[in-house]
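In order, the protein sequence lines correspond to chains A and B. When the letters of the first sequence are read in order and numbered with our numbering, they come out as residues 1 to 126. When the letters of the second sequence are read in order and numbered with our numbering, they come out as residues 1 to 384.
Some hints could be false.
[To be verified] Once the Cα atoms are required to be at most 30 Å apart in a straight line, the calculated DSS-like pairs of lysine-lysine come out as:
#  : chain 1 : residue 1 : chain 2 : residue 2
1  : A       : Lys36     : A       : Lys83
2  : A       : Lys101    : B       : Lys156
3  : B       : Lys310    : B       : Lys156
4  : B       : Lys13     : B       : Lys173
5  : A       : Lys101    : B       : Lys194
6  : B       : Lys180    : B       : Lys310
7  : B       : Lys267    : B       : Lys173
8  : B       : Lys156    : A       : Lys83
9  : A       : Lys85     : B       : Lys310
10 : B       : Lys13     : B       : Lys185
11 : B       : Lys13     : B       : Lys194
12 : B       : Lys173    : B       : Lys185
[To be verified] Far from chain B, by Cβ distances over 12 Å, these chain A residues were calculated:
#  : residue
13 : Val5
14 : Lys27
15 : Cys28
16 : Gly29
17 : Arg45
18 : Arg65
19 : Pro107
If you're looking for bench data, these hints aren't it; they were derived computationally from the structure. Backbone N, C-alpha and C fix where the C-beta goes; we use that ideal spot for every residue, glycine too.
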Amino acid sequence: MTEPVITLQRFFARAREGRLTGVRCGKCGALAIPPKELCPACYERAWEPVPLAGEGTIASYTVIRVAPRAYTADVPYAVAVVKLKEGVSLLGRIVEIPLDKLAVGLPVRFRPLVKGDQTAVGFGPA
Amino acid sequence: MRRVAVIGVGVTKFGKHDRTSSELFAEAAADALADAEISASRVQALYYGNVVGSETEHQLHTGPQAASILGIPAIPTTRFETACASSHAAFRHAVMEVAAGVSDVVLVGGGERVLNVPTPESTEYFAYASDAVWEQTLGLTFPGVFALIARAHMQKYGTTEAQMAAVAVKNHKHGTLNPKAQFQKEITLEQVLKSAYVADPLKLFDCCPFTDGGAAVVLTSEEVARRSRRPVWVLASAAASDWMLLGDKRDLSRVPATERAAAAAYKQAGLTPTDVDVVELHDCFTIAEIVATEGLGLFEPGAGGLAAEKGMTSLGGAIPVNPSGGLKAKGHPIGATGAAQIAEIVTQLRGEAGPRQVDQARVGLTHTLGGNTATVLVSLFGRD
Ligand SMILES: [Zn+2]
Chain A
1 MTEPVITLQR
11 FFARAREGRL
21 TGVRCGKCGA
31 LAIPPKELCP
41 ACYERAWEPV
51 PLAGEGTIAS
61 YTVIRVAPRA
71 YTADVPYAVA
81 VVKLKEGVSL
91 LGRIVEIPLD
101 KLAVGLPVRF
111 RPLVKGDQTA
121 VGFGPA
Chain B
1 MRRVAVIGVG
11 VTKFGKHDRT
21 SSELFAEAAA
31 DALADAEISA
41 SRVQALYYGN
51 VVGSETEHQL
61 HTGPQAASIL
71 GIPAIPTTRF
81 ETACASSHAA
91 FRHAVMEVAA
101 GVSDVVLVGG
111 GERVLNVPTP
121 ESTEYFAYAS
131 DAVWEQTLGL
141 TFPGVFALIA
151 RAHMQKYGTT
161 EAQMAAVAVK
171 NHKHGTLNPK
181 AQFQKEITLE
191 QVLKSAYVAD
201 PLKLFDCCPF
211 TDGGAAVVLT
221 SEEVARRSRR
231 PVWVLASAAA
241 SDWMLLGDKR
251 DLSRVPATER
261 AAAAAYKQAG
271 LTPTDVDVVE
281 LHDCFTIAEI
291 VATEGLGLFE
301 PGAGGLAAEK
311 GMTSLGGAIP
321 VNPSGGLKAK
331 GHPIGATGAA
341 QIAEIVTQLR
351 GEAGPRQVDQ
361 ARVGLTHTLG
371 GNTATVLVSL
381 FGRD
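Take the sequences, apply the hints, and build the full model.
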């Protein structure tokens with residue numbers, strides 16, 4: 001059995017410290033985040049972890065005003081698909097940016113969203 | 001492979017019911033068998049769609065439960081779950097089983113009950129169809145997913161909120177012609193545009209409602225179908241998937257699973273988009289209808305908003321879309337939606353749709369999308 005290059009647990013442990021980690025295929029060079037077992041470009045299993053800068057721009061965003069049960073106290077809040085400068089994209093919660101300042105193309109930077117034991121992906125001002 | 005036909009359809013009234021999802025399915029299934037003029041004793045299998053039964057009804061194992069409540073417990077039955085596309089996925093499985101010669105008569109359907117829980121709770125359960133680790137933890141909702149798609153489409157093609165609103169107005173108008181629809185009331189463009197934002201840029205009237213309901217269809221081999229009064233032939237049934245995470249999707253303004261499933265279905269049937277006369281597609285949100293009309297090849301990418309605004313997709317237009325009222329007005333009992341769309345197309349191709357009948361409908365298409373656009377089913381139907 002091959003040892004996974006990066007498990008979800010390890011990814012979020014690093015994310016909690018503010019470090020965003022992707023994986024790069026040792027065979028074809030494709031970059032992926034979140035980690036996958038096989039490379040979707042060449043189907044090989046030769047990943048190496050790579051640190052990502054955490055810098056990107058908003059590709060699309062929405063302000064959620066009707067929330068699931070656990071998030072009703074947070075409304076209104078924004079989530080955005082962010083295109084990282086390395087070329088991959090990630091969905092994240094927007095923090096510390098006024099909702100009326102949101103725009104497609106706005107530069108943002110990764111911020112871990114820590115709530116108890118749970119870590120999620122956030123993006124704040126660049 | 002053998003030819004496969006739909007010979008009977010049944011749909012409950014959509015809306016709020018004080019009955020379980022399996023009961024709702026059973027009513028629709030008994031209606032479908034009566035419509036097919038075939039005895040329940042002839043049914044050899046049941047494939048069933050139900051999505052949030054374990055959450056809203058504390059009920060797993062809904063396949064045999066639905067069969068038991070219908071009164072045919074001894075046959076093989078399986079529950080399918082592909083979020084909102086569940087009963088369409090069940091349908092494709094049944095088509096393959098009959099085409100392969102394994103069974104001659106198969107029942108397909110779905111049932112869903114969600115209006116027995118408050119909106120924040122159902123909003124949470126529907127969000128379970130997005131990724132629990134990467135997306136649910138952000139408070140992402142179903143409307144949120146399509147709001148991200150809407151913004152990307154607006155940015156890329158200049159699609160407007162008024163064009164999206166035109167879809168809602170059209171589907172509500174169609175819904176007034178469907179006695180089974182949850183909403184049978186016209187709405188105005190202004191009402192849609194002035195409704196409250198749910199997930200910007202989507203407003204309340206851009207969203208389909210929560211719905212309880214059931215639907216069923218009876219599928220048979222050609223040999224059995226030839227003895228029925230008005231068979232509708234299954235010309236194709238295709239499925240496709242896409243990345244689960246929104247971040248992995250390359251272009252949020254498109255739904256690649258729709259494009260792939262449509263291409264496979266047209267190829268199976270030997271048809272092109274211009275051959276299609278009537279469409280029931282997955283308008284869970286107004287933008288979803290616009291993007292689907294593009295993905296199905298009815299309009300070029302980016303042209304769907306203007307087409308809706310010009311009335312090209314209305315009854316009497318170039319290609320009528322969602323004559324039933326669609327998910328928007330007819331309602332969206334998620335596990336039953338695929339089967340209900342098929343029931344509408346069969347009704348249209350039989351020429352039995354009454355005031356909402358599409359003239360000269362010979363070829364019909366159904367399109368059902370699951371959750372975050374990661375599942376799409378497309379089927380094509382024709383008459384003799
Ligand atoms: Zn590779």
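Hint check results:
Taking the CA atoms of Lys36(A) and Lys83(A), the gap is near 18 Å; set against the 30 Å cutoff, the hint holds. The suggested pairing of Lys101(A) with Lys156(B) holds, with an alpha-carbon distance near 20 Å, which does not exceed 30 Å. Taking the CA atoms of Lys310(B) and Lys156(B), the gap is near 20 Å; set against the 30 Å cutoff, the hint holds. This hinted pair checks out: Lys13(B) and Lys173(B) have alpha carbons roughly 18 Å apart, not beyond 30 Å.
Taken as a hint, the Lys101(A) and Lys194(B) pair is honoured in the structure, with Cα atoms around 22 Å apart against an allowance of 30 Å. For the suggested pair Lys180(B) and Lys310(B), the alpha carbons sit about 27 Å apart, so the restraint of at most 30 Å is met. For the hint pairing Lys267(B) with Lys173(B), the CA-to-CA distance comes to about 33 Å; that exceeds 30 Å, so the pair is violated. Of the supplied pair hints, the one linking Lys156(B) and Lys83(A) holds, its CA atoms being roughly 15 Å apart against a limit of 30 Å.
With a CA separation close to 40 Å, the supplied pair Lys85(A) and Lys310(B) exceeds the 30 Å bound. For a cut-off of 30 Å, the pair hint linking Lys13(B) to Lys185(B) stands: about 15 Å separates their Cα positions. With a CA separation close to 29 Å, the supplied pair Lys13(B) and Lys194(B) stays within the 30 Å bound. Simply put, Lys173(B) and Lys185(B) have alpha-carbon atoms about 7 Å apart, close enough for the 30 Å limit, and the pair holds.
With 12 Å as the threshold on Cβ separation, the claim that Val5(A) sits away from chain B holds: the shortest Cβ distance comes to roughly 17 Å. For Lys27(A), the shortest C-beta to C-beta distance to chain B comes to about 20 Å, beyond the 12 Å cut-off, and the non-interface label holds. Under the 12 Å C-beta cut-off, the non-interface status given to Cys28(A) relative to chain B holds; the minimum distance is some 17 Å. In this structure Gly29(A) is separated from chain B by more than 12 Å, as the shortest Cβ-Cβ distance comes to about 17 Å.
Residue placement check: Arg45(A) keeps its beta carbon more than 12 Å from all beta carbons of chain B (closest about 18 Å). A Cβ of chain B approaches the Cβ of Arg65(A) within 12 Å, the least distance being about 5 Å, so the stated non-interface status is violated. No beta-carbon of chain B is positioned within 12 Å of the beta-carbon of Pro107(A); the least distance is around 16 Å.
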